[in-house]
Structure formats: C-alpha cells, structure tokens
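Going down the list, the protein sequences come from chains A and B. Quick note on the working numbering: the first sequence kicks off at 1 and runs consecutively. Quick note on the working numbering: the second sequence kicks off at 1001 and runs consecutively.
Hints were generated in silico from the structure; no laboratory data involved. All of these numbers come straight from a predicted model, not from anything done at the bench. Careful, some of the hints might be misleading.
Only pairs whose alpha carbons sit at most 20 angstroms apart, straight line, appear in this in silico SDA-like list of lysine to any residue [what the hints assert, rightly or not]: (1) B:Lys-1044 <-> A:Gln-2; (2) B:Lys-1044 <-> A:Pro-40; (3) A:Lys-58 <-> B:Lys-1044; (4) B:Lys-1044 <-> A:Ser-27; (5) A:Lys-101 <-> B:Gln-1050; (6) A:Lys-101 <-> B:Pro-1061.
What follows is a set of in silico ranges between Cβ atoms, one per label pair, in the way DEER data are often shown [as the list claims (entries may be wrong)]: (7) B:Lys-1071 <-> A:Thr-111: 24 to 30 angstroms; (8) A:Ser-84 <-> B:Leu-1039: 22 to 28 angstroms; (9) B:Leu-1110 <-> A:Ile-60: 29 to 35 angstroms.
All residues carry an ideal CB built from backbone N, CA and C; glycine is no exception.
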Amino acid sequence: AQSVTQLDSHVSVSEGTPVLLRCNYSSSYSPSLFWYVQHPNKGLQLLLKYTSAATLVKGINGFEAEFKKSETSFHLTKPSAHMSDAAEYFCVVSANFGNEKLTFGTGTRLTIIP
Amino acid sequence: EAGVAQSPRYKIIEKRQSVAFWCNPISGHATLYWYQQILGQGPKLLIQFQNNGVVDDSQLPKDRFSAERLKGVDSTLKIQPAKLEDSAVYLCASSAQTETQYFGPGTRLLVL
Chain A
1 AQSVTQLDSH VSVSEGTPVL LRCNYSSSYS PSLFWYVQHP NKGLQLLLKY TSAATLVKGI
61 NGFEAEFKKS ETSFHLTKPS AHMSDAAEYF CVVSANFGNE KLTFGTGTRL TIIP
Chain B
1001 EAGVAQSPRY KIIEKRQSVA FWCNPISGHA TLYWYQQILG QGPKLLIQFQ NNGVVDDSQL
1061 PKDRFSAERL KGVDSTLKIQ PAKLEDSAVY LCASSAQTET QYFGPGTRLL VL
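Just need the whole structure built from these sequences, with the hints factored in.
In structure tokens, the structure reads:
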C-alpha cells in the first residue's frame, strides 16, 4: 500500500520569497515520487520526478525537491516565488516495481502575495 | 508533440441522465488512464488500460460507470445513470514505457 500526506492545504508567500510545500509518503516498495501542478481550469503538469537516482531533483520553473528516505519526505521548494506560481500542487507516489498506478495527495494551494 | 485531448470540456446534466466523455491520448502511448477529481481532492484512478485491455478497474463503480478503448487508441468513459456525487472533473492521462503520465485538460461535469 502507498500513500502521501501533504501537510498544508494552503500556503501563502510573498512574491520573491522562498516557497516550501511539504509532503510525506508511505510505500511498501522503493517509491517513485512526483510533484504535479494544476493551474485553474488547466490540466495537471509534471514539475519533477524522483526515481531512485539523485536525491535532489530539479524540475521546471525553478522548483526542486529532495528525497529523504530517513524522514519519508519529498518537500518541494523554490528560492523565489513568482506570481505565476499560484496554483494547486500535488505530491504523488507510485510503486516502483512496474505498477504505474499513481496515488495523489490532497493538494496544497499556493497563493502568492504581491 | 500534441498533448492528450479531451472533450467536451464542460457538461451539465440532470441526475439519472447519461453522459459520455472522450479521450485521445498522445500518439504512441500504450497506457491510458481515467481519473476522477472531486472538488478539493486529489485525482483518483478509475481505470487503467494497457493497449485495449483493462489493467486496473478496482475503483470504477461498475454499476454505473463503463469505459472502453477500442483499437487501443481513443477511449470513452460513460456514466449511466448519473448521480449528484458524480459531479467532478474527469481527467484522462497517457503514458509510454516510463511512469510519467501526461494529463489532458479534463472534462468538468456538473450533475443537477
């Protein structure tokens, strides 16, 4: 069984300040982990993914995430928030043994304050 | 490369009516997925196809939902009859050999 917990349902930051979106996972196998972003009325877009290579993963639009097995965490960060980052972010886990089923977290809504 | 296409984008129906959604995956992607995303929640997998065979439909309410993927390309998802709790966004995704799934824009369904 696998699951993810997004620790904050809503995060607000000022433009130009750092972003931290927190995610903890649970998996019986070595997981693959993803962050997806969903802008209003748009489809889900892959930000980045971890698949047992480097633990620090760089994604699009300046986002990155660090896989910490000891803490079962996969937090998403960005050094400086931009207005266009305002969206819903989903942490996702997939069992890494050929099953492609994705299990989504409940999402974190990121608001950017001008 | 064209993305995953879905239609219609919006649909409003009354309860007990039927509705169908269409998905065209990225060319060459063998795996196709349908997800249901209820407002305020993450997407939940309804059904997964590998080519035209079903891999996982454990979360599909089979008394009212059906899906098919004829010829291993396009897919349709049908609800008959619809209930109020079926109001959601229905997302289609496709993937090739890797785990990366690419999502379409979704169909927003409102059941009155």
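Evaluated hints:
no. : hint                                         : verdict
1   : B:Lys-1044 <-> A:Gln-2                       : holds (13 angstroms)
2   : B:Lys-1044 <-> A:Pro-40                      : holds (18 angstroms)
3   : A:Lys-58 <-> B:Lys-1044                      : violated (26 angstroms)
4   : B:Lys-1044 <-> A:Ser-27                      : holds (17 angstroms)
5   : A:Lys-101 <-> B:Gln-1050                     : holds (12 angstroms)
6   : A:Lys-101 <-> B:Pro-1061                     : holds (18 angstroms)
7   : B:Lys-1071 <-> A:Thr-111: 24 to 30 angstroms : violated (44 angstroms)
8   : A:Ser-84 <-> B:Leu-1039: 22 to 28 angstroms  : holds (23 angstroms)
9   : B:Leu-1110 <-> A:Ile-60: 29 to 35 angstroms  : holds (32 angstroms)
Of the hints listed earlier, those the structure fails to meet are numbers 3 and 7, in rising order.
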